[in-house]
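Using the sequences and the accompanying hints, generate a full structural model.
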Amino acid sequence: MPLSDRDRAFLAFEGEWRRHGGAKEEAIRAEFDLTPARYYQLLGRLLDDPDALAHDPMLVRRLRRRRDDAAAQHRARLGRAASR
Numbered sequence: 457m458p459l460s461d462r463d464r465a466f467l468a469f470e471g472e473w474r475r476h477g478g479a480k481e482e483a484i485r486a487e488f489d490l491t492p493a494r495y496y497q498l499l500g501r502l503l504d505d506p507d508a509l510a511h512d513p514m515l516v517r518r519l520r521r522r523r524d525d526a527a528a529q530h531r532a533r534l535g536r537a538a539s540r
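Remember, the numbering used here sits 456 above the position in the sequence shown when you count from 1.
So the derived label-pair ranges between C-beta atoms look like this: (1) Trp473 x Ser539: 29 to 39 Å; (2) Lys480 x Gln529: 10 to 20 Å; (3) Arg474 x Arg520: 17 to 27 Å.
Simulated from the structure, these hints should not be mistaken for lab results. For glycine and all other residues, C-beta sits at the position ideal for the given N, C-alpha and C.
Now the structure itself:
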């Protein structure tokens, strides 16, 4: 299924949000009228979509790596906390 306009807007935002300055969470609310939690939920699903990868492979791979690194750090923190 082709990317929706919102999907493409999410990818464009992720590719350029740092250029606009300010807090990302505020920009998410202003741009998409979504809570940051909901935005990241939708973005996570989008990153697993083959059409997103085809649309912007470098960006999607970078965002996947960042997501996977954050998840690994979270698992490591949980493991350290459980061993105490």
